[in-house]
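Asks: Could you build all of it, start to finish, from the sequences and the hints given here?
Read top to bottom, the protein sequences are chains E and H. Residue 68 in our numbering sits at position 68 of the first sequence, and the numbers go up by one each step. Residue 1559 in our numbering sits at position 559 of the second sequence, and the numbers go up by one each step.
Just to be clear, a hint being listed does not mean it is correct.
As the list claims (entries may be wrong) - Every beta carbon over 12 Å from chain E, so not counted as near; a handful from chain H, in silico:
1) Leu1043
2) Gly1047
3) Glu1104
4) Phe1315
What the hints assert, rightly or not - Covered by chain E, according to a simulated footprint, are these stretches of chain H (three or more residues, beta-carbon under 8 Å):
5) 1052-1064
6) 1246-1260
7) 1366-1377
8) 1472-1478
As the list claims (entries may be wrong) - Straight-line distance between alpha carbons at most 35 Å, and here's what the computed DSBU-like set of lysine-lysine pairs gives:
9) Lys1214/H / Lys13/E
10) Lys10/E / Lys1129/H
11) Lys1160/H / Lys1214/H
12) Lys1121/H / Lys13/E
13) Lys10/E / Lys1121/H
14) Lys1073/H / Lys13/E
If you are wondering where the hints come from, they were derived from the structure by calculation, not from laboratory data. Cβ coordinates follow ideal geometry from the N, Cα and C atoms, glycine included.
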Amino acid sequence: MELRVGETAKVMKISGGFRMQVQLKNLGFHEGVTVILAKKSAISGPLMVAVNGSNVAIGRGIASKILVSPAGDTTEDAHATDSAHGAAK
Amino acid sequence: MQRILLTGQPNSGKSTFFNSLTGYKALTGNFPGATVSYQIGSLNLMGTLYSIVDLPGAYSLIPSDKAEFETKKFIINEQDSTIVNVVDASVMSRSLEMTIELIELQRPIVVALNMVDSARKKGILIDAKKLAQLLDAPVVETIANHGKGTLDVIRATHGKHIPANATTLRYQRDVENEIVELAEKLPEDLVASFHVPGRTVAIRLLENDPFYVKELERFNGSLLEVVSECQQRLEERHGRPANFVIAAERHNLAMSIFEQVTSFERTKPTLESQLDTIILHPFWGYLILLTVFYLFFTAVFKTGSYFEGFILSQFEALGKLLGGWMSQGLGLLITNGFVQGLGAGLGIAIPYIIPFLVGLSFLEDTGYMARIAFLADNVMHRIGLHGKAVIPFVLGYGCSVPAVMAARNLETRRDQVVAASLSVLVPCSARTVIIFGLVGFYLGPVYAIGLYILNVFVIGALGRIAAMLDPRITPGLVLEIPAYHMPSLKNVAAKTWIRLKDFFTVVIPFLIIGTIALGLLEYYHLDTTVNAALSPLTVTILGLPKAVGTTLIFGIFKKELSLMMLFQALGTNTITDVMTIQQIVTFSVFTVFYIPCISTIAVLYRETGWKNTLGVAFGTTGLAVLLAVTARLVMGIVL
Chain E
1 MELRVGETAK
11 VMKISGGFRM
21 QVQLKNLGFH
31 EGVTVILAKK
41 SAISGPLMVA
51 VNGSNVAIGR
61 GIASKILVSP
71 AGDTTEDAHA
81 TDSAHGAAK
Chain H
1001 MQRILLTGQP
1011 NSGKSTFFNS
1021 LTGYKALTGN
1031 FPGATVSYQI
1041 GSLNLMGTLY
1051 SIVDLPGAYS
1061 LIPSDKAEFE
1071 TKKFIINEQD
1081 STIVNVVDAS
1091 VMSRSLEMTI
1101 ELIELQRPIV
1111 VALNMVDSAR
1121 KKGILIDAKK
1131 LAQLLDAPVV
1141 ETIANHGKGT
1151 LDVIRATHGK
1161 HIPANATTLR
1171 YQRDVENEIV
1181 ELAEKLPEDL
1191 VASFHVPGRT
1201 VAIRLLENDP
1211 FYVKELERFN
1221 GSLLEVVSEC
1231 QQRLEERHGR
1241 PANFVIAAER
1251 HNLAMSIFEQ
1261 VTSFERTKPT
1271 LESQLDTIIL
1281 HPFWGYLILL
1291 TVFYLFFTAV
1301 FKTGSYFEGF
1311 ILSQFEALGK
1321 LLGGWMSQGL
1331 GLLITNGFVQ
1341 GLGAGLGIAI
1351 PYIIPFLVGL
1361 SFLEDTGYMA
1371 RIAFLADNVM
1381 HRIGLHGKAV
1391 IPFVLGYGCS
1401 VPAVMAARNL
1411 ETRRDQVVAA
1421 SLSVLVPCSA
1431 RTVIIFGLVG
1441 FYLGPVYAIG
1451 LYILNVFVIG
1461 ALGRIAAMLD
1471 PRITPGLVLE
1481 IPAYHMPSLK
1491 NVAAKTWIRL
1501 KDFFTVVIPF
1511 LIIGTIALGL
1521 LEYYHLDTTV
1531 NAALSPLTVT
1541 ILGLPKAVGT
1551 TLIFGIFKKE
1561 LSLMMLFQAL
1571 GTNTITDVMT
1581 IQQIVTFSVF
1591 TVFYIPCIST
1601 IAVLYRETGW
1611 KNTLGVAFGT
1621 TGLAVLLAVT
1631 ARLVMGIVL
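Replies: Now the structure itself:
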């Protein structure tokens, strides 16, 4: 699922390398945490996600590795962005 | 003397905290054998002398790069110090994980709950007393920006109280069992050598903390198998790797403490989120960015040129005075070289560098720098890097030395090397002096701006080539966008001073040596030999006057020397009398792109190794020849 700006979601799963996972966890991205998509930049630019009271900028490539589901709904797996965005252009 | 170690996550206000205690007297230290530096300062409080060490910010104690590894080693070895953990109160749930890691070291610790004012603004209220109870450590509320509470933190270190973590910070039973079991199997003398409890060593080993793994391997390699057996059991039971199990446990601990001590208040949407709507806007954001840069650089050059004229005239007068006092000869030549070199440093570099550094600290401390990275992410991906890599390039407009060092903050080696190597091509303030003093002054601002645009395109093209040659993709941007802050003047001043010190110790001696050497060359008439040796390049290929040969050599010492020496070498103050417009453009293009100055080469070597440094030195020179020849041909057609 691709979040719209201002939407709240719950982190279901974070995939990708260990290093990246640690980086995301250090900034507060844990499974079960509620996040808000605060800002989206033009075309394929980064997203700004509010988590635990701080804002974190995340490139779309990395954002596509964070599975979220709408807050309250825990059955459906979804993507923070459509996964077509690669990290390098 | 009491030793205090300041630790904390990036953006926790740790450096502001440090600066509010020690001010300008701080010194920069280096970890033995490493390029990682820390600040050390002293404080005299009621007759007790404290030595305060500001360690590099880290999100966790588990090292993920060389810098964090060295920091960790330092904390482990400093067993008699008291740890002060600076925590940003507005993001406490995240910061607590590191606090738990620190408590597990079982050293005296004080928690400084910083930025309580901005937390309150966000509607986060923290019960500091209860937090102190749960952590079994003193917790002091601070607003380091205004210097509030920082001295109370120092007073709180007197207790030297070690938190009883065995009772408060316990993991889930089966994880705890595994930890205890591993701890029992660890040899006592190995654990004793860390001065850290066996339980903590076991936790870290289960997490694959490279620091402990390395030590264990050195001590007895076969013990690694015992560790991996424990890890396997954890993985089987929890369905994910052991390091994730431990990380999740610590996260749960942190969250449970956080929930017990925090209450929330509803607040109005902050001004900040509204501000970001404009500042990070896909259109207005870039317009603001360009305006900020325009104002920034205009201010730097206005202030710089104002002081430049004044300082240079003082040194010129001093030079004349010396000429009157001393007889002609080697003595005067060396003294004159010394005065001129010092004058060049103080009169030309410093007036531009100080306003640049002040502006830079402002950009960083207000939180705008992180937003620049956000805005630039898109563009940076096009050259195979990501948003954070814009910082070395911005710094590069001031000086290549900090630019190269800033590349260290990128995640992968490839990104570090590419960003460091490309950032040296950004015209630093010294090359800006050439662009403005030569191109801007004689040919007009349009040519000067054209040169900047050419520079951006060349860097972009090289970035694309680097991305094609090495298709490993950049890991992508993950960067905290800190809250907007009003920078404290004290912090800006201290930051500027710390960065400026490098110029005094590294750059000015080189300038003085360079000026004296040029004087000596002239005295012994060696300059003609140098010029003759370089004439195939300068005269044949670039079509420049023979005399520019020495100026290019001196440009390697310090870029603006090329310009100053040009006046000297050509024996005129009006370049257009002896050089054509075509020659001025060719010369300027060459000096902007060719080999980085010697200080940059030194730091590039330190950061990226000699192979890459040699590549950059030869590559940039080749590039400069290519571009200068092209400029020569193009100007030949245009004019």
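Asks: Against this structure, judge whether each hint is valid.
Replies: We went through each hint and held it up to the structure:
1. Annotated as non-interface, leucine 1043/H keeps its C-beta farther than 12 Å from every C-beta of chain E; the closest such distance is 30 Å.
2. Every Cβ of chain E is farther than 12 Å from the Cβ of glycine 1047/H; the closest lies at roughly 40 Å, confirming the non-interface assignment.
3. For glutamate 1104/H, the requirement that its beta carbon stay farther than 12 Å from each beta carbon of chain E is met, with the minimum near 17 Å.
4. With a least beta-carbon separation of about 46 Å from chain E, phenylalanine 1315/H lies farther than 12 Å from that chain, consistent with its non-interface assignment.
5. Note: the segment 1052-1064 of chain H has 4 residues with beta-carbon separation from chain E under 8 Å; the three-residue rule is met and the coverage holds.
6. Taking a C-beta to C-beta cut-off of 8 Å, the segment 1246-1260 of chain H contributes 3 residues in contact with chain E, enough for the three needed, and the coverage statement holds.
7. Look at the segment 1366-1377 of chain H against chain E: 5 of its residues bring a Cβ nearer than 8 Å to a Cβ of that chain, three or more, so the hint holds.
8. Given as covered by chain E, the segment 1472-1478 of chain H passes the check, having 6 residues with a CB less than 8 Å from a CB of that chain where 3 are the minimum.
9. Taking the CA atoms of lysine 1214/H and lysine 13/E, the gap is near 31 Å; set against the 35 Å cutoff, the hint holds.
10. For the suggested pair lysine 10/E and lysine 1129/H, the alpha carbons sit about 32 Å apart, so the restraint of at most 35 Å is met.
11. This hinted pair checks out: lysine 1160/H and lysine 1214/H have alpha carbons roughly 30 Å apart, not beyond 35 Å.
12. The suggested pairing of lysine 1121/H with lysine 13/E holds, with an alpha-carbon distance near 32 Å, which does not exceed 35 Å.
13. For the suggested pair lysine 10/E and lysine 1121/H, the alpha carbons sit about 25 Å apart, so the restraint of at most 35 Å is met.
14. The hinted pair formed by lysine 1073/H and lysine 13/E meets the criterion: a straight-line CA distance of about 33 Å does not exceed 35 Å.
Checked against the numbered hints given earlier, this structure breaks none of them.
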